[in-house]
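Use these hints to put chains B and C onto chain A, whose structure you have.
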Amino acid sequence: MPISYYLALSAVLFGLGAIGFVVRRNIITIFMSIELMLNAVNLAFIAFARAWGQLQGQVFVFFVIVVAAAEAAVGLAIVIVISRNRHSLNVERINLLKL
Amino acid sequence: MTPDMAVFLVLAAVTVAGAVNVIVLRHPIHSAISLIVVMVSLAGLFLTLEAEFVAALQIIVYAGAIMVLFVFVIMLLNAGEEERTNMSRMARYVGVPLGIVLLGELAYQVGAATLSMTAQPAAEGAIHGLSMLLFQDFVFPFELTSILILIAILGALVLAQRREGVPAKREQQKVS
Amino acid sequence: MGAILLVSLIKVAVLMFFVLTAVAYLVWFERKLAAHLQGRWGPYRVGPHGLLQPLADGAKFLLKEDVTPAGVDRFVYYIAPLVTMTLAISGIAMVPFGPAEIRIFGVTTPLVIANINVGLLAIFAITSVGVYGVALAGWSSNSKYSLLGGLRSSAQMVSYELSLTLSVVGVMLLAGSFNMSELITRQGGFSWGFLPQWNLFSPPFPQVLGFVCYFISAIAETNRAPFDLAEAESEIVAGYHTEYSSFKFAMFFLGEYASMITVACLATILFLGGWLSPFPQTANLYWTHYIPAAVLAIGGMALIVDGVYHKGLARVQLPVLGLVLFALSFLCARPGFIEGIQGPFWFLGKILVVLFVYVWVRWTLPRFRYDQLMRFGWKFLFPLALLNVVLTSLAVVMRK
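Residue numbers (our numbering), protein chains in the order written: chain A, 348 to 446; chain B, 1232 to 1407; chain C, 33 to 432.
The shape of chain A in the complex, shown without the other chains (with noise of 0.2 Å):
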């Protein structure tokens, strides 16, 4: 089973949470663009672990997940805070700096 066929779906992946990112206007759909994006880069990093036989990868993912984990929660409060203020999830609505 050739690795570069798990490269080509993580590209895949990556390439599609970006669209997300750039298309979507509901704030909430944009942060779950950037989640996908970061499990497109767990899928690169497992797949290079297996390749070369090092279990640093897995270790990596770990941390990547970790991370996820505590932006999700800090970037949900925040989402709360500014649905509170603004009344609206669109980002075009939230974009004067003053409210």
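I should point out that these hints are in silico values taken from the structure, not numbers from a laboratory.
Please read these numbers as outputs of a predicted model, since none were measured by experiment.
Be a bit skeptical, because a hint or two may be false.
[To be verified] Only part of the chain C face toward chain B is listed, based on derived beta-carbon distances under 7 Å:
#, residue
1, Ala67
2, Val161
3, Trp171
Where a beta carbon is used, it is the ideal one built from N, C-alpha and C, also for glycine.
Only chains B and C this time, still in chain A's reference frame:
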């Protein structure tokens, strides 16, 4: 078509279908469910790459805790469907096909690279090896991530608190 | 390759049949036990001693009208009970029922469907994804009771999952593996010749704290009393499954009882020694190998005698059942069969004890209020589980 290839194709198809659904569906809850499907099938792909512990971790932490957080926030904020706007003619007839072509080209170029698997699976004692690495070579980042999680918990608590003196408004209408 | 696939499919079919029957009769067991605890009879009319009551309930669920409220999100409304029931039943695939290996169609296979190396983690992964069934059901029903109940239930499940997984870390430290069969075999042996070395009484550090913590977290995780505020009738109509009727409600019901069985299986494997016998396997205690046959024989004779006291059809059904059990007891005493039946018999016996305590707790203790529940989970159980991990690792290090 070896069984390995068949399993990979099925899982890859499910993953790509889920990812497309994340960016195409209009209601955030449907995107969240599609993202959960993507994560579970990615865990399956990790299993085919002999990373069992990371696969279990992906499901327990990512699909079972982080996405639950997303689903809770969507339910609490009563997020509705996104308003549908017509894309400009340029975007619809030129942008989408070009985007598909770009993704296909990317997949082809990356997939055609010749990088094959080596014959040494680290399967026996993979968990043992992983924990040795984590607690000996990477112990400093490991402790740092625990402090990071503590900071994230405190930050989320402080940010989402209601401040004294600000009356809680009843959010009746759907926010979109 | 084809033969192995066929054998796996046969094992899956047999196990699914047994699990679904066990879930149905667990409902009967709970109703009978609850009734006797409350001083009444329980189901008695549908078949002798109410034994056909699960069949009647199943027929009722299938024949009821299927009502879908207006304004629900169709896709999510339909998949939520599916997710709950599927995940609850899949957890049993990782549970080993005995040490022996059986031969079907010339292939020797162990008594477990999926003997994966991270079996314990796989069961916890399935439990943690099971939160979605509850949350999505509550949200998609378009009703305020459902949404509130669903959010509370899923927040409770997520909180108690932490203490659930931490309380078994002590067991993993003692055994050094995640593999379920290995966890059981490391509990073999007897200290001082008579006390089994199950993890509840294990030599370096008895996992009593871990067991208590696990059992309480498991009751909270499966949304059972005294932690069932989010789905209790007197509090919130029915919580997240208010708007579900007929077969979809039956799927939630089945899912809850199936996860009870999974949790009881895990408790037996992790803390009570799985399929190991409580008697030392020495030559002068060989008579203990005849205990399964003896139990079946006594049960058969009790049913035959009881048949005399009934009128009508039960006068025939009960003695026939008793004769079947009696014949099975002879089968269990034959030399080819007696070694194979030891493992599953002790396993099932221990599961029955755990389920008895489960049902007993439900019908004895009053409910927790929701904030008391969350405070208990975060401020008491979680530090207790952490304390167990610290003490067990100290004991393991000092033993070396």
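Item to check | Numbered hints the structure breaks, given as an ascending list | outcome: 1
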